[in-house]
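Enquirer: Residues per chain, in single letters:
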Amino acid sequence: MASTLERIQKVTAELLGVPAAKAIESAKFVEDLGAESTQSIELVVSLEEEFGIEMDEAGALGVKTVGDAVKFIDAALAKK
Amino acid sequence: MAKSYVQLKDSEVEVLKKNGCRAEDWKKISAAAGFNPELVGGTYMTGEVKFGALSGKVKGADGVERPCGVFRTNLNNVTMGDNCCVMNVQGWISNVDIEDGVIIENVGKIICTGETSFGNGHEIAPFNEGGGREIKMTNETSSQIAYLTAVYRDRKEFISAMNKIADGYTNAFKRSRGFVGKEAQIMNADEIVNVYIAEYAQINGAKSLVNGTVNSCKESISFIGNGVVAEDFILQDGASVKDGAMIFTSLVGQGTKIGKQFSAENSVFFANCEGFHGEACSLFAGPYTVSHHRSTLLIAGIFSFFNAGSGTNQSNHMYKLGPIHQGTLERGSKTGSFSYLLWPSRVGAFTAVIGKHYANFDTVDLPFSYITEDAGTSIITPGMNYFTVGTMRDADKWPNRDRRKSPRKLDLLIFDVLSPFTMQKVVKAIDICGKLFEGAAKDERFVKYNGIMTNRLGLKASKRYYQLVLDKYMGDTIIKRFKKLNPSNIADILKAGTGSTVDAEWVDLSGLICSKDRSEKLIADVAAGKIADMKALHAALGTIFAGYEEDEWNFFLRTFKKINGTDITPAAVTKIMDAWKEASTKLVDMVLVDGSKEFEEKTRTGFGLDGNKDADFEAVRGTFETNKFIKKLQASKNDITADFDKIKAVTK
Numbered sequence: 001m002a003s004t005l006e007r008i009q010k011v012t013a014e015l016l017g018v019p020a021a022k023a024i025e026s027a028k029f030v031e032d033l034g035a036e037s038t039q040s041i042e043l044v045v046s047l048e049e050e051f052g053i054e055m056d057e058a059g060a061l062g063v064k065t066v067g068d069a070v071k072f073i074d075a076a077l078a079k080k
Numbered sequence: 001m002a003k004s005y006v007q008l009k010d011s012e013v014e015v016l017k018k019n020g021c022r023a024e025d026w027k028k029i030s031a032a033a034g035f036n037p038e039l040v041g042g043t044y045m046t047g048e049v050k051f052g053a054l055s056g057k058v059k060g061a062d063g064v065e066r067p068c069g070v071f072r073t074n075l076n077n078v079t080m081g082d083n084c085c086v087m088n089v090q091g092w093i094s095n096v097d098i099e100d101g102v103i104i105e106n107v108g109k110i111i112c113t114g115e116t117s118f119g120n121g122h123e124i125a126p127f128n129e130g131g132g133r134e135i136k137m138t139n140e141t142s143s144q145i146a147y148l149t150a151v152y153r154d155r156k157e158f159i160s161a162m163n164k165i166a167d168g169y170t171n172a173f174k175r176s177r178g179f180v181g182k183e184a185q186i187m188n189a190d191e192i193v194n195v196y197i198a199e200y201a202q203i204n205g206a207k208s209l210v211n212g213t214v215n216s217c218k219e220s221i222s223f224i225g226n227g228v229v230a231e232d233f234i235l236q237d238g239a240s241v242k243d244g245a246m247i248f249t250s251l252v253g254q255g256t257k258i259g260k261q262f263s264a265e266n267s268v269f270f271a272n273c274e275g276f277h278g279e280a281c282s283l284f285a286g287p288y289t290v291s292h293h294r295s296t297l298l299i300a301g302i303f304s305f306f307n308a309g310s311g312t313n314q315s316n317h318m319y320k321l322g323p324i325h326q327g328t329l330e331r332g333s334k335t336g337s338f339s340y341l342l343w344p345s346r347v348g349a350f351t352a353v354i355g356k357h358y359a360n361f362d363t364v365d366l367p368f369s370y371i372t373e374d375a376g377t378s379i380i381t382p383g384m385n386y387f388t389v390g391t392m393r394d395a396d397k398w399p400n401r402d403r404r405k406s407p408r409k410l411d412l413l414i415f416d417v418l419s420p421f422t423m424q425k426v427v428k429a430i431d432i433c434g435k436l437f438e439g440a441a442k443d444e445r446f447v448k449y450n451g452i453m454t455n456r457l458g459l460k461a462s463k464r465y466y467q468l469v470l471d472k473y474m475g476d477t478i479i480k481r482f483k484k485l486n487p488s489n490i491a492d493i494l495k496a497g498t499g500s501t502v503d504a505e506w507v508d509l510s511g512l513i514c515s516k517d518r519s520e521k522l523i524a525d526v527a528a529g530k531i532a533d534m535k536a537l538h539a540a541l542g543t544i545f546a547g548y549e550e551d552e553w554n555f556f557l558r559t560f561k562k563i564n565g566t567d568i569t570p571a572a573v574t575k576i577m578d579a580w581k582e583a584s585t586k587l588v589d590m591v592l593v594d595g596s597k598e599f600e601e602k603t604r605t606g607f608g609l610d611g612n613k614d615a616d617f618e619a620v621r622g623t624f625e626t627n628k629f630i631k632k633l634q635a636s637k638n639d640i641t642a643d644f645d646k647i648k649a650v651t652k
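These protein sequence lines are chains A and B, in that order.
Note that the working numbering has the first sequence beginning at 1, numbered continuously upward.
Note that the working numbering has the second sequence beginning at 1, numbered continuously upward.
Calculated directly from the structure, the hints in this document are not laboratory data.
The beta-carbon is built from N, C-alpha and C at its ideal position, and this holds for glycine as well.
Hints should not be assumed to be uniformly reliable.
With a Cα cut of at most 25 Å, we get these calculated DSS-like pairs of lysine-lysine [what the hints assert, rightly or not]:
#, chain 1, residue 1, chain 2, residue 2
1, A, K28, B, K428
2, B, K405, B, K218
3, B, K575, A, K64
4, B, K581, B, K562
5, B, K575, A, K28
6, A, K71, B, K3
7, A, K22, B, K602
8, A, K80, A, K64
9, A, K64, B, K613
10, A, K64, B, K597
11, B, K575, A, K79
12, B, K637, B, K480
13, B, K3, A, K80
14, B, K602, A, K28
15, A, K10, B, K631
16, A, K80, B, K575
17, B, K602, A, K71
18, B, K27, A, K64
19, B, K597, A, K22
20, A, K64, B, K602
21, A, K28, B, K586
22, A, K71, B, K597
23, B, K448, B, K397
24, B, K586, A, K79
25, B, K3, B, K28
26, B, K428, B, K260
27, B, K428, B, K448
28, B, K581, A, K79
29, A, K80, B, K586
Heads up, incomplete: computed chain B residues facing chain A, CB under 7 Å, no partners named [what the hints assert, rightly or not]:
#, residue
30, R72
31, N76
32, L457
Looking at chain B on its own, in the form it has when it is part of the complex:
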């Protein structure tokens, strides 16, 4: 309910005057019940100023309790809620609504210059620096909404409808007054112009914030810290931007951290990204895109579940028609220190890129690979990266590092490493490796594939690696289904799942893995106007997300049939589980061998500067046997046996 304000009594005006306050027109100054004029001093007021109740104290994030009141401040057309603490505003607070319990302290100015959408509707140009993939950012832009808008540009009706949805949201969000939500805290900031600051947000030491929204809520507080310069921006709840970071025309997603002088332009960062020290330009940073080190530039690319090594760089400019080239690293990829990629290139999921690459290649159908460089030649070792301790650890850590505390998660995330998205590629990769190997002459050491070289003999091993991955996935999926339905007989679960049954390709909509018939239906519904607002769009994406398990089961059944030419039977389940047990055990053994390399003699080289190398190493790094992750891996062998026995029991 709107608060009721009444014009100040003469006695209240007299107290304010006594306290050094001035007003252009005292008749325009009003207050709510509980207002105490003794708690207002040294304040100059113009236009309509409305005070809330003033009593008690409010506690800052720094732990200091401040008495409520308004001191040494200039107010123009300001409405205040109850029990705020506003002091030392050297410039003005102008055209702003301030809710209950807000702290504003040592601030240059907080002003609203007229009607604004606070960054909503502002166009960002991610993925291609030359433009053509613009997203109209809003508070509601999820990684899926951004991905569909940036990627499906040839669907003109769809793009037009998506822009209309964004416009609809933006128009509804427009205001002519600034806003500072309940219990927000703004301290030591220089200028804040046309910024919507949602409840519980904390701003401390920001240099300049212009045209933006800081979404925040009690469960998921957003923070803007020292020296931050931000223009045309949106922070989603739980985001943090601090330490002199500069963000221009960018969206910072839920739980994302930007800091340590990172700079970003025309970029989007979705859930749980981290950007420190480096630079982003036209970056589409899907969920969990991480760049921690200096001189790393991520430009004109789509990434997700990605880790950039220091000095990672890409070129998108051939000095011909401008910065028009772009590239993708599919989910789970990473780049080593000083890696370089020449766009356009596409790198398959869960691939490690090491070295400098001047070839334009496409390895999306060879996931879980190593891409290395030897004397200027780019070489791919397909399938090897699945069996590294790094990939295994990544898979383990992402779900556990979800910083989103908000009850509403905007980005819909499927964390599975082995999923229909990666497995459709693994099935293709088995075929590709086989054909490349068989088609190459025996005296050829390397074979060319989509712009990159691969070792002929290595292809034989790669094919086996991919088969192990496939065997693991097939068994994993049966176990998942078994645990969901808990049947007394395996035959009971071998029928199709509900939902999508179309034999479609699977796509990764920046975190949401889904069958393409699902995403195509959504695109068609949006284009046809059946989905016409933000709420309906999120609901439709939510339906796809909720249908993942059933769709995945159907994918599994189709994949089995494609490989074997028949429908699955209980007898086939027995074979799948036998292969699964062998593959899972091998996988753990291979990852353990890989993990053991972290404890080998050569990794101890940097230890024991003044002697006692082994003791020093063990004091700092521990031992293979006591390593937490290694122990977990070893224990997982028991789980393999237990799961295997459970399925066997119902297949008899």
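Here chain A stands alone, though its shape is the one from the complex:
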């Protein structure tokens, strides 16, 4: 089964139109991957659907990098 990182990379690549390989853990969604503020909402919901979780709004807005997203989602999956 694909890792959390790989699944985030897949969703990010589809949504932002960037190569999955560019979505490395240190990559920032806004500065490095070109996510605009409204796309960040779409990204949050896409990740929710991918992982079957509901992300806390304030926490999700605080996610800056792909690595942050991995940690955030892993924590949410652990709570499930």
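Chain B: place on chain A using the hints.
Expert: Relative to the frame of chain A, chain B by itself:
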């Protein structure tokens, strides 16, 4: 009491002649007790001229004390109060009554050409440049009176009655003589024709003022400054028009500032508006409408609590049947730099519009949104704008920036961001977002709603955002009620409030939020002649304003019942407060995250030109931790806990 004037004694005439004065007929020149002819010189008089007492000095707004007297001036049919300083009037002061303590200095002319209402009763055509929504402006026109008159045009009897009320006021205000009120100051002005200048008003450097009224009072002085050209106008007290501004057929409300070469035509500006550099045409600028930058045109629209970015523009003309299109941005909206809207469009409350929009859309049921543009397509992100630091800051600043110092506030303002007006829309928005999401195919990235596109997946988040807003409002309202009534048991406050109990839509009458049954009753009473003059009209609006809290409580109770299918109970209050605490905490956290973006690395790009970027940024912008607003937000978390505990204590 009217001052008593007696014909000049021969000895007084001789002094005036010695001082270089001339009169067409000395028998028509009179003076009040305390008149000193030695303080009048170089003055030519025609018709009846009446001098007041002359002694001592009067102080100008520039701090300079001037000796009272009349020097180098031409007077025709002028009555003066006591201790005025009138000098260097190159043309004439003609047919004017001047009250005590007035300064008139270096003026071309101040004349009244015959019976006039000084701009009162003059028709303004706001909101639709093609006309059809005319308002007869008067000194008493409030944002509510203007809104009802401009918007409810299909109520013919009502409109006719409103015009009669305006006519009644106008006729009572008509005079055949100009007026300069007590301690007003008029300096360095070119021409003033048929202008009523109320007490304490200050005019300095105006170019041309024709057919208007400058309302003013001691607590709330109005000012007209350099290079201003104004024709067919009314300034309400505390207004300021300066720096070469040009206003034609326009009303400038209490505490409003117009300047820096702004121009306005057929426009109304209500309380605390600001217009600099740009242009207004058929603009209905409700309270706190602000446009600060060059090349911004606000045309054929209704706005309030609005901030226009530079280059904001709208089109109201399709080159077919003329400039007939119109639009609205509901309260609290803002436009980004070089934003463009194609009228007709309607934008919901507290929405930020960014980019250029060539679609005609209606988003009034999706408040607190972002409207952006992507390659020519207009996209709405519903609900997101409530959680931005900008909206939070706006809500905080408006009440604190009320410049109206007059004891009487004409515009009745409800400042609440979360109110029945916005919450009825939030309830609808939850439903709209849910249905749009469920109704869309999974492979659709965007869904169309009322002329605008919205992201399908985003709708899921938007629905959650709106639910948070609703949870916050429900708890806020309980807390507000609790603080008002201070009950020992929560059950004591769960009954209906006094006043309106009708399940009606709520409207925003340009600042006054009210239940529609209230506004409809007022409209019916006016149409039926039960409200027949300006005083009664203001009183009726005042009653609606005073009833807001009770009406809001009833709205809250109805909204609860609509959502839950039952009346509210103490147990339900517990649930509401639990949801409120969570929503309020999330809100603060989300706004803090948004605020933190203002301190991120990328926002520092323009700083540290010669190195030391971070130090330079912090020296100029400060730090996230020390920012005053951020600190206040963080502290508000304690308030959440305190309020929560208070309510919990009475629900046990």
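Enquirer: If you draw a straight line from the CA of B/K3 to the CA of A/K80, is it 25 Å or shorter?
Expert: violated, 88 Å
Enquirer: For the pair we were handed, B/K581 and B/K562, check the Cα-Cα distance against 25 Å.
Expert: Holds, at roughly 22 Å.
Enquirer: B/K602 and A/K71: Cα distance at most 25 Å?
Expert: Holds - the C-alpha atoms of A/K71 and B/K602 are around 23 Å apart, at most 25 Å.
Enquirer: Is B/K428 within 25 Å of B/K448, Cα to Cα?
Expert: With a Cα-Cα distance of about 17 Å, the restraint between B/K428 and B/K448 holds, given a limit of 25 Å.
Enquirer: Does the structure keep A/K80 and A/K64 at a Cα separation of 25 Å or less?
Expert: holds, 23 Å
Enquirer: What's the verdict on A/K28 and B/K428, does the C-alpha distance respect the 25 Å limit or exceed it?
Expert: Distance ~36 Å between A/K28 and B/K428 Cα, so the pair is violated.
Enquirer: Decide if the proposed pair is consistent with the structure: B/K27 and A/K64, CA atoms, cutoff 25 Å inclusive.
Expert: The given pair, whose Cα atoms are some 88 Å apart, is violated under the 25 Å limit.
Enquirer: Holds or violated: A/K71 and B/K597, Cα atoms, limit 25 Å.
Expert: With Cα atoms ~21 Å apart, A/K71 and B/K597 stay inside 25 Å; holds.
Enquirer: Hey, A/K80 versus B/K575, does the alpha-carbon distance stay inside 25 Å?
Expert: It holds: about 24 Å lies between the C-alpha atoms, which stays within 25 Å.
Enquirer: Are the Cα atoms of B/K637 and B/K480 separated by 25 Å or less?
Expert: OK: B/K637 and B/K480 at ~17 Å, within 25 Å.
Enquirer: Against the 25 Å threshold, does the CA-CA distance of B/K575 and A/K79 hold or violate the hint?
Expert: holds, 23 Å
Enquirer: Checking one constraint from the list: CA of B/K448 to CA of B/K397, max 25 Å. Satisfied?
Expert: violated, 35 Å
Comparing the model with each earlier hint shows violations of hints 1, 3, 5, 6, 13, 15, 18, 23, 26, 30 and 31; every other hint is respected.
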